[in-house]
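Sequence lines, in order, name chains U and X.
With my numbering, letter number 80 in the first sequence gets 224, and the count goes up by one each step, no holes.
With my numbering, letter number 14 in the second sequence gets 950, and the count goes up by one each step, no holes.
By construction, these hints were calculated from the structure, which means they are not laboratory data.
Partner residues aside, some chain U positions facing chain X, computed with beta carbon under 7 Å:
{"#": "1", "residue": "Arg208"}
{"#": "2", "residue": "Arg209"}
{"#": "3", "residue": "Gln212"}
{"#": "4", "residue": "Tyr222"}
Just so you know, these numbers come straight off a predicted model, no measurement behind them.
Beta carbons are placed, not taken as given, at the ideal position from N, Cα and C, and that holds for glycine.
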Amino acid sequence: MTEDILDTIEFDDDGFMVNAADWTEEIGRAIAEALEIELTDRHWKVINFARSDFEKTGEPPTLRRITQQTGVSMKEMYQLFPDGPAKLAANIAGLKKPTGCI
Amino acid sequence: MKTLLILGGGTGGTMVANKMVHELDPQEWEIILVDRDETHYYQPGLLFIPFGIYSPRDVEKPKRDFIPRGVKLILSEIELIEPEKNQVILAKDNQTISYDYLVIATGTGIRPAETEGLLDGGGWRKDIFDFYSPDGAAALASFLKFWKGGRMVVNVAEMPIKCPVAPLEFLFLADWYFHQKGLRDQVEIVYATPLDGAFTKPRAAGILGGMLESKGIKLEPNFNIGEVDNDKKVIRSWDQREIAYDLLVTVPTNMGADVIGRSGLGDELNYVPVDKHTLQSTAYENIWVIGDAGNAPTSKAGSVAHFMLDVVIENLLRHMEGLEPRPGFDGHANCFIESGFEQGILIDFNYDVEPLPGKYPLPGLGPFSLLKESPANHWGKMMFRWVYWNVLLKGGEMPFESQMTMAGKWQ
Chain U
145 MTEDILDTIE FDDDGFMVNA ADWTEEIGRA IAEALEIELT DRHWKVINFA RSDFEKTGEP
205 PTLRRITQQT GVSMKEMYQL FPDGPAKLAA NIAGLKKPTG CI
Chain X
937 MKTLLILGGG TGGTMVANKM VHELDPQEWE IILVDRDETH YYQPGLLFIP FGIYSPRDVE
997 KPKRDFIPRG VKLILSEIEL IEPEKNQVIL AKDNQTISYD YLVIATGTGI RPAETEGLLD
1057 GGGWRKDIFD FYSPDGAAAL ASFLKFWKGG RMVVNVAEMP IKCPVAPLEF LFLADWYFHQ
1117 KGLRDQVEIV YATPLDGAFT KPRAAGILGG MLESKGIKLE PNFNIGEVDN DKKVIRSWDQ
1177 REIAYDLLVT VPTNMGADVI GRSGLGDELN YVPVDKHTLQ STAYENIWVI GDAGNAPTSK
1237 AGSVAHFMLD VVIENLLRHM EGLEPRPGFD GHANCFIESG FEQGILIDFN YDVEPLPGKY
1297 PLPGLGPFSL LKESPANHWG KMMFRWVYWN VLLKGGEMPF ESQMTMAGKW Q
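Make a model of the complete structure from these sequences and hints.
Below is the structure:
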């Protein structure tokens, strides 16, 4: 079922959605499932922040920005999204891969 | 009288003062530069202090020597910037300065307190050192002089950092230094970085990563430090990986000046949001930002501030004439990477083009090899200190174009 949704979406080489505007919560759930992450309210708090912040700035938020503005601690971020929180949150939120650093 | 106010007298602010003093009519304009301390540090030189190549005295000069006549220098902390009122409040005598144009050049600095146990765990300046501050670099020099060896871990806490190649240069020089002392086989060198490789850009990361390997330096990528455990002498990542150290050389979190945060002008790291091509503040049209203080997604480095300079100057003047700013800044960065044993590497890149191999043409001096070790690159780096003090800071002509060129680069 979820596989079907993901088949309709265009992803880049790193597995990030090409068009953030195509994202729906259902797609977010499907990506999370493919990443073996079970979404809780805390995950959604982060994902929703990432989406709204992206609308303002055009960039996926950094980890520091997420923790500062959502109140979710760094420690919890690593519990919610164990393998690279900023990247995984952006991925599930349908955003491009964070450039992070220069 | 109108006022151009420059905050910060480091590389960027000093260059802007030297350029603008020739552009503005002194009958019409007052130029004021505010900085909190008297000493100008040649920051690329800090890297050499731990290894005894430079002493602290080799990298410092009075700021006054570089502020031109016609620019008023005020030494004071900055209390608050009030962009809605076009004024800045200084700590000294609670003085208020109104401005017509503001150039923010307050830079970036290390914040060891951002990492648990780094500053406050008991090991700071005992077996934990930084080399981004003059006193940190000097303290590390004293430590290394008598160190008998062990496990040295170099850790970057968080990106972005000032001069993103400096940790690699530190590693290369450390390898050379311990060789010279006959200690290399007593020292294990580990590089723990939050990046997924040796550097931020793929081709350079591959080549520089290969150099780490050939020098026997172990790379620990994707390491996001959560805390320093001073008792166990390990650094621990947020995902609970541990790396043991005998000597920890940290590149702490970098942040913009506190006054930027206090004044509500910064992002989460106190960097001022700017248009990445015009260098104008995205919030206030009479505020311009040069160098590390802004959030333009390029390297935080003196060469970048230099390449920003002409764009900032031109756009200030255009704005004063009621013209639209020109999107002239392309993210150009250019760094000599000291690689030890009197060799160096040169990289040259911008927003769109990553560092590529090839030759860098430079009339009279070059060409310099790009992304490849050569003695000329080492001497270029060593010579640059003279160029910095005598030409660059004073706004003199440099034989570099602000915009990157593809000439000599292999794609």
